[in-house]
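Let's have the full structure, built from the sequences with the hints guiding it.
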Amino acid sequence: MSLNDIPVHSASITTGNLRPVLHEIRHAFSELIAHGTHGMIDLHSLPFSPQEYAELDEFLGEGEIDLTLNVLGKTRLRESGYAGIWRVEHFDDNDNRIGYFIEIGHVPEILRSQCDDIKEGLAAMTTILAMEEDNNEDAIT
Amino acid sequence: MRMQSPNPYEPTLGEHLRSQGISRRGFLKFCGLLASSMALAPAMIPKIAAALEQAKRPSVIWLSFQECTGCTESLTRSHSPSLEGLVFDAISLDYHHTLQAASGDAAEHAREEAMKEHYGKYVLVVDGSIPLDNPGYSTIAGISNLDMLKEAAAGAAAIIAVGTCAAYGGLPKADPNPTGAVSVSDIIKDKPIINVPGCPPIPMVITGVIAHFLTFGLPELDSLGRPKAFYGQSIHDRCYRRPFYERGLFAETFDDEGAKAGWCLYKLGCKGPVTYNACATTKWNDGTSFPIESGHGCIGCSEPNFWDFGGFYKAISIPTGASGKNAVYAAAAGIAAGVAIGAMNKKSKAEAASSHQTVTVEELNQESGS
Amino acid sequence: MSTLTLERGINAFKAQIDAPMASFFSSCVSCGMCADACLFYTENPEPRFTPIYKLEPLRRVWEQEYTLIGKLKAKLGLSKPVTDAELAEWQELVYNNCSLCGRCTLICPVGNDITYMIRRMREGMVASGHAPGGLIGASTRAVQIGSPMGVKLPALQAQVRHLEKSSGLTVPFDQEGAEYLLMLSSMEIMNYPEYLGAVAKILTNAGKTWTLSSECFEATNSGIQIGSSDIARELVSRVVAAAEKLKVKTVISPECGHAYTALRWEGPNLIGRPYTFAAKHIVEVLDELRAEGLLQTEGFEESKLTFHDPCQLVRRGGVVEQPRNLLNMVAKNFVEMADHGTLNWCCGAGGGVSANEDAEEVKLKAFQRKKKQLDELHVDTLVTACANCRIQLEEGMEVNQMDIPVLGLTEMIAEHLVERKGGAA
Amino acid sequence: MNEVDFLLWVKGSAFNIALFIFMAGLVLRLFEILSLGRKVNYAVPKGDPMQGGLREIFRRFGTDKATFQRSMITIVVGYVFHIGLFVVIFLLAAHVEVFKSVMGFGWPNLSTPVVDAFAVVTMIALVVVLIHRLQHPVKRFLSSPGDYVAWAVTFVPLLTGYMAYHHLLLSPQMMLGLHILSVEVLLIVFPFTKLMHTFTVFLSRWYNGASMGLRGVKS
Numbered sequence: 001m002s003l004n005d006i007p008v009h010s011a012s013i014t015t016g017n018l019r020p021v022l023h024e025i026r027h028a029f030s031e032l033i034a035h036g037t038h039g040m041i042d043l044h045s046l047p048f049s050p051q052e053y054a055e056l057d058e059f060l061g062e063g064e065i066d067l068t069l070n071v072l073g074k075t076r077l078r079e080s081g082y083a084g085i086w087r088v089e090h091f092d093d094n095d096n097r098i099g100y101f102i103e104i105g106h107v108p109e110i111l112r113s114q115c116d117d118i119k120e121g122l123a124a125m126t127t128i129l130a131m132e133e134d135n136n137e138d139a140i141t
Numbered sequence: 001m002r003m004q005s006p007n008p009y010e011p012t013l014g015e016h017l018r019s020q021g022i023s024r025r026g027f028l029k030f031c032g033l034l035a036s037s038m039a040l041a042p043a044m045i046p047k048i049a050a051a052l053e054q055a056k057r058p059s060v061i062w063l064s065f066q067e068c069t070g071c072t073e074s075l076t077r078s079h080s081p082s083l084e085g086l087v088f089d090a091i092s093l094d095y096h097h098t099l100q101a102a103s104g105d106a107a108e109h110a111r112e113e114a115m116k117e118h119y120g121k122y123v124l125v126v127d128g129s130i131p132l133d134n135p136g137y138s139t140i141a142g143i144s145n146l147d148m149l150k151e152a153a154a155g156a157a158a159i160i161a162v163g164t165c166a167a168y169g170g171l172p173k174a175d176p177n178p179t180g181a182v183s184v185s186d187i188i189k190d191k192p193i194i195n196v197p198g199c200p201p202i203p204m205v206i207t208g209v210i211a212h213f214l215t216f217g218l219p220e221l222d223s224l225g226r227p228k229a230f231y232g233q234s235i236h237d238r239c240y241r242r243p244f245y246e247r248g249l250f251a252e253t254f255d256d257e258g259a260k261a262g263w264c265l266y267k268l269g270c271k272g273p274v275t276y277n278a279c280a281t282t283k284w285n286d287g288t289s290f291p292i293e294s295g296h297g298c299i300g301c302s303e304p305n306f307w308d309f310g311g312f313y314k315a316i317s318i319p320t321g322a323s324g325k326n327a328v329y330a331a332a333a334g335i336a337a338g339v340a341i342g343a344m345n346k347k348s349k350a351e352a353a354s355s356h357q358t359v360t361v362e363e364l365n366q367e368s369g370s
Numbered sequence: 001m002s003t004l005t006l007e008r009g010i011n012a013f014k015a016q017i018d019a020p021m022a023s024f025f026s027s028c029v030s031c032g033m034c035a036d037a038c039l040f041y042t043e044n045p046e047p048r049f050t051p052i053y054k055l056e057p058l059r060r061v062w063e064q065e066y067t068l069i070g071k072l073k074a075k076l077g078l079s080k081p082v083t084d085a086e087l088a089e090w091q092e093l094v095y096n097n098c099s100l101c102g103r104c105t106l107i108c109p110v111g112n113d114i115t116y117m118i119r120r121m122r123e124g125m126v127a128s129g130h131a132p133g134g135l136i137g138a139s140t141r142a143v144q145i146g147s148p149m150g151v152k153l154p155a156l157q158a159q160v161r162h163l164e165k166s167s168g169l170t171v172p173f174d175q176e177g178a179e180y181l182l183m184l185s186s187m188e189i190m191n192y193p194e195y196l197g198a199v200a201k202i203l204t205n206a207g208k209t210w211t212l213s214s215e216c217f218e219a220t221n222s223g224i225q226i227g228s229s230d231i232a233r234e235l236v237s238r239v240v241a242a243a244e245k246l247k248v249k250t251v252i253s254p255e256c257g258h259a260y261t262a263l264r265w266e267g268p269n270l271i272g273r274p275y276t277f278a279a280k281h282i283v284e285v286l287d288e289l290r291a292e293g294l295l296q297t298e299g300f301e302e303s304k305l306t307f308h309d310p311c312q313l314v315r316r317g318g319v320v321e322q323p324r325n326l327l328n329m330v331a332k333n334f335v336e337m338a339d340h341g342t343l344n345w346c347c348g349a350g351g352g353v354s355a356n357e358d359a360e361e362v363k364l365k366a367f368q369r370k371k372k373q374l375d376e377l378h379v380d381t382l383v384t385a386c387a388n389c390r391i392q393l394e395e396g397m398e399v400n401q402m403d404i405p406v407l408g409l410t411e412m413i414a415e416h417l418v419e420r421k422g423g424a425a
Numbered sequence: 001m002n003e004v005d006f007l008l009w010v011k012g013s014a015f016n017i018a019l020f021i022f023m024a025g026l027v028l029r030l031f032e033i034l035s036l037g038r039k040v041n042y043a044v045p046k047g048d049p050m051q052g053g054l055r056e057i058f059r060r061f062g063t064d065k066a067t068f069q070r071s072m073i074t075i076v077v078g079y080v081f082h083i084g085l086f087v088v089i090f091l092l093a094a095h096v097e098v099f100k101s102v103m104g105f106g107w108p109n110l111s112t113p114v115v116d117a118f119a120v121v122t123m124i125a126l127v128v129v130l131i132h133r134l135q136h137p138v139k140r141f142l143s144s145p146g147d148y149v150a151w152a153v154t155f156v157p158l159l160t161g162y163m164a165y166h167h168l169l170l171s172p173q174m175m176l177g178l179h180i181l182s183v184e185v186l187l188i189v190f191p192f193t194k195l196m197h198t199f200t201v202f203l204s205r206w207y208n209g210a211s212m213g214l215r216g217v218k219s
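Going line by line, the protein sequences match chains A, B, C and D. Here the first sequence is numbered in full-length UniProt numbering, starting from 1 and rising by one per residue. Here the second sequence is numbered in full-length UniProt numbering, starting from 1 and rising by one per residue. Here the third sequence is numbered in full-length UniProt numbering, starting from 1 and rising by one per residue. Here the fourth sequence is numbered in full-length UniProt numbering, starting from 1 and rising by one per residue.
Don't read these hints as lab results, they were simulated from the structure. Among the clues, some could well be false.
[What the hints assert, rightly or not] Pairs of lysine-lysine, BS3-like flavour, derived with a Cα cap of 30 Å:
#: 1; chain 1: A; residue 1: K119; chain 2: B; residue 2: K47
#: 2; chain 1: B; residue 1: K56; chain 2: B; residue 2: K260
#: 3; chain 1: B; residue 1: K228; chain 2: B; residue 2: K150
#: 4; chain 1: C; residue 1: K208; chain 2: C; residue 2: K165
#: 5; chain 1: D; residue 1: K46; chain 2: C; residue 2: K249
#: 6; chain 1: C; residue 1: K245; chain 2: D; residue 2: K218
#: 7; chain 1: C; residue 1: K365; chain 2: D; residue 2: K65
#: 8; chain 1: C; residue 1: K247; chain 2: B; residue 2: K349
#: 9; chain 1: C; residue 1: K75; chain 2: B; residue 2: K349
#: 10; chain 1: C; residue 1: K73; chain 2: B; residue 2: K349
#: 11; chain 1: C; residue 1: K75; chain 2: C; residue 2: K165
#: 12; chain 1: D; residue 1: K100; chain 2: C; residue 2: K332
#: 13; chain 1: B; residue 1: K283; chain 2: B; residue 2: K325
#: 14; chain 1: D; residue 1: K100; chain 2: B; residue 2: K260
#: 15; chain 1: B; residue 1: K314; chain 2: D; residue 2: K218
#: 16; chain 1: C; residue 1: K245; chain 2: D; residue 2: K39
#: 17; chain 1: B; residue 1: K314; chain 2: B; residue 2: K346
#: 18; chain 1: C; residue 1: K249; chain 2: C; residue 2: K304
#: 19; chain 1: B; residue 1: K150; chain 2: B; residue 2: K191
#: 20; chain 1: B; residue 1: K150; chain 2: B; residue 2: K47
#: 21; chain 1: D; residue 1: K39; chain 2: C; residue 2: K247
#: 22; chain 1: C; residue 1: K247; chain 2: C; residue 2: K165
#: 23; chain 1: B; residue 1: K349; chain 2: D; residue 2: K39
#: 24; chain 1: B; residue 1: K56; chain 2: A; residue 2: K74
#: 25; chain 1: B; residue 1: K189; chain 2: B; residue 2: K121
#: 26; chain 1: D; residue 1: K218; chain 2: C; residue 2: K372
Next comes the structure, spelled out in structure tokens:
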């Protein structure tokens, strides 16, 4: 029997945290348009009832993108019904959700290729190209 | 966890993590989760990343005194490669007598060497309380806990007291405290001490504190020496059952309708309102739940003297001790004293009545005439 | 010869303090509502005239003698014993500024019987020699002559002879076995002789046997007013002796408030046993006759009139309905004052104030309360059932140039009396 | 002593001591009062003293219109804070648990925000009462240090309780400790101050009412 098989009765309750969070998202949304600021809200550290999580999901709706990354366990990125508002869920190796953020931006930060990685990639590509060209020259000669 | 001998070149944490095959994207995820675990705003993530990138892997010496190994269990039972595991990997654990491979003299030797090598820089982690009544109650390699703590503390950059025993004395200190147990802070006065209480503490909190120490140094502490980031709010404040408390809806027993409906457990002894910990948000068992979600009140394990808090199943407002009987004894004492003072009053009044001299008009006129 | 001393005063306080008083002092929360209930404060708003404050020395004696904390405080020097000078200072508060009207007692939210305590406190004031001269004089005359105003039997006999001659009624003296023994107050004999005629007419007409006593005709009791049980006992014993000697069924207290309190409520306790006769106020007797059909009237007073309730009758005696029943027999235009019945305001001269020369000024100030009540009503006539009230009201009206005649209720009833056939037995 | 030690002390021995003094003091004071006795009354009663006593106990909760107008602040604000104190003391869930633990039985509680609102209103009323006492010539004149002590020991538990609930100023544990301590101070001084009127008011009303009943005075 797994944990999910145990029937849990939970009266429907609200912590009252949903409304403020929705307004926070809306504010971050307008900041993105006005100043291009990337916004991030940590949902995991807020006391939400299961019902409120569901209400939030319903409010945001589903968008076009649903990506799964394989980084230290899975990370799932879903654009909401509002373009520019993303759900970012981090999972560990056992698929337990260990982090839940709302990101407001063109793409979630984690999706971007990281500058250092790009630099390192450029350096690596340069080296490889140089090595191949050296080899070709050797072959010609 | 790796036991490694002192290395002349100390790689930074970032380098170390990458050498473990963790990408920068992974690092970013790690930093995001770390910020969440340290209860920091997501805006802090780049700063954490930058700080971690540059941080040196610290040497950590872990001493276990009068303890049950629950704190170590809490930490190591977290599934790997969990966030906790990653952080733990980021340190150089040079001595931990439960986890290390070495034993006997070799183990103690490793400790002494690490203390010498990193004098003034290592982090000392302590779990368990220290007995003061008789040093023989708890020794390691023939050295009393007190002596070992003092010696190890002397060269430590900071001390992390993990678990309620190390932080406040915990179970060993519970009434009648047969070993004369005390906390680390009762003995060590000249070093920064971070208390990470809990019985056991939440693994995420242990690593969160270590991460904070690595990135931003000593965290801000409350009056009981706990990092405010994790212990800043009471269980009650962040409890999902709080709305029931507000509405005055309480479970009266563990099997009544209220309990089934998930009402507030205050009357069943929940210590949430006076307990500071991150359980309600961080949760246990890889984020599954925390005790109140399972229908049991908070027992206040991250607070000093929680064993003697008047019973796990008594509401916090209830006085400890036999109050009802006390009131009866008091009433009896009151009656005894009342009878005595009543008799005195009666006597006094009777004397006044008997010594009354009849007032005559002659007297009245004499007085007014004078 | 012995003298009155502070020690005797404190001793009297100690002897008087009982469980109700201890409870009252424990209950007072200094809310000050008794001040607003007291005409000596409302018409002269100095905080020290607040009723409960008038008891302060008594309260201190209680605290120091009968409470654990008070004894402790006294031992530690935190409280000082009551001094003779303090009692001297309090004389003004306890006598001049209190008519024992009982209004504070009625209003007090915690239920303190302040009036009862002031009456008890006066015992100590007398024993320590701090009673006002006017009351000492009245008490002395009452004990030595038999009347606080010095009225002697011959004066009454002269009145009676005059009455018999003018009305043709018989006024019996010392008639053993009569149903009623009629008591009088000196004020009635001197100021309102028509009262005796009115009662004689009504009782005779009702066919009742009644008598005066030549040994004791004075119902008022200066001992009650000055607050000395010793003197009050002496005076009330005379009434009891006369009544028991004549074997009457009922003693009628005259139209006087405190005489009723003295005779009806304090008397049996002063002599330490129940009476062998009943004690009733004349208004009670008249109302009984009315109920029995032995008192019938004809015609109505035309003028707009109101009734002043004597405090001792309403608040301290429970006689509220009877005077109204009687008034309604003879008055068509009877209106009530805003505060009436148990809530009525005192005339300002009861409880010994009228006999106290030191209170001359105060009692006229206190009358302002009654003046305000009357000014609201615009009545032509004021009726009352207490000679003491009546004197005060008349004096107050005169000083304030008000033109409202004050009548006694009994006389008004007598004027409208219908003669019963075969009534005069 | 850290705040938890402090909290444990106030909940433990301090509470027991306070409760002991309160109970013993209460009984002692009642004996002190009742032992002074009352004389037998020989006057023929016109009414039933018992009935009069009971009637006055209840009647004095109200007042006549004119008195109400004259003493409006005293009466209205007095009512507000007395009702408020009753609700806060007896109907907060945490308090019900305390009574249950001491007396062995409990009763239903009100929801916390409702009690909280009562606490605020009660505190405001008590402040008004204090200002009124300081400004009203009669009240100021009559007031002894004991009156102000009684006010303070009533007000402080309300304030500390409110602050503990709302996490103001100090940590809730410390505040809870201070709250319980302030209640203990209240309990200790209770029998020996004006606060004793809580109990003697019924005795006084009864005595007065019995006297009125005996005389046939119906108010």
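Comparing the hints with the structure gives:
1. A:K119 <-> B:K47: With a Cα-Cα distance of about 20 Å, the restraint between K119 (chain A) and K47 (chain B) holds, given a limit of 30 Å.
2. B:K56 <-> B:K260: Between K56 (chain B) and K260 (chain B) the Cα gap is close to 51 Å, so the pair fails against 30 Å, i.e. violated.
3. B:K228 <-> B:K150: 27 Å, holds
4. C:K208 <-> C:K165: 21 Å, holds
5. D:K46 <-> C:K249: 17 Å, holds
6. C:K245 <-> D:K218: 35 Å, violated
7. C:K365 <-> D:K65: 24 Å, holds
8. C:K247 <-> B:K349: Since the Cα atoms of K247 (chain C) and K349 (chain B) sit roughly 38 Å apart, the hinted pair is violated (cutoff 30 Å).
9. C:K75 <-> B:K349: 20 Å, holds
10. C:K73 <-> B:K349: 20 Å, holds
11. C:K75 <-> C:K165: The hint is violated at about 72 Å.
12. D:K100 <-> C:K332: This hinted pair is violated, its Cα atoms lying about 64 Å apart.
13. B:K283 <-> B:K325: 41 Å, violated
14. D:K100 <-> B:K260: Distance ~23 Å between K100 (chain D) and K260 (chain B) Cα, so the pair holds.
15. B:K314 <-> D:K218: Violated - the C-alpha atoms of K218 (chain D) and K314 (chain B) are around 51 Å apart, more than 30 Å.
16. C:K245 <-> D:K39: At roughly 28 Å apart (the allowed maximum being 30 Å), K39 (chain D) and K245 (chain C) satisfy the hint.
17. B:K314 <-> B:K346: 46 Å, violated
18. C:K249 <-> C:K304: 38 Å, violated
19. B:K150 <-> B:K191: Holds: K150 (chain B) and K191 (chain B) sit about 11 Å apart, inside 30 Å.
20. B:K150 <-> B:K47: Distance of about 35 Å is beyond 30 Å: violated.
21. D:K39 <-> C:K247: 28 Å, holds
22. C:K247 <-> C:K165: 28 Å, holds
23. B:K349 <-> D:K39: This hinted pair holds, its Cα atoms lying about 12 Å apart.
24. B:K56 <-> A:K74: Given pair K56 (chain B), K74 (chain A) holds - Cα atoms ~28 Å apart, limit 30 Å.
25. B:K189 <-> B:K121: 18 Å, holds
26. D:K218 <-> C:K372: 26 Å, holds
Taken one by one, the earlier hints fail for this structure at numbers 2, 6, 8, 11, 12, 13, 15, 17, 18 and 20, listed in ascending order.
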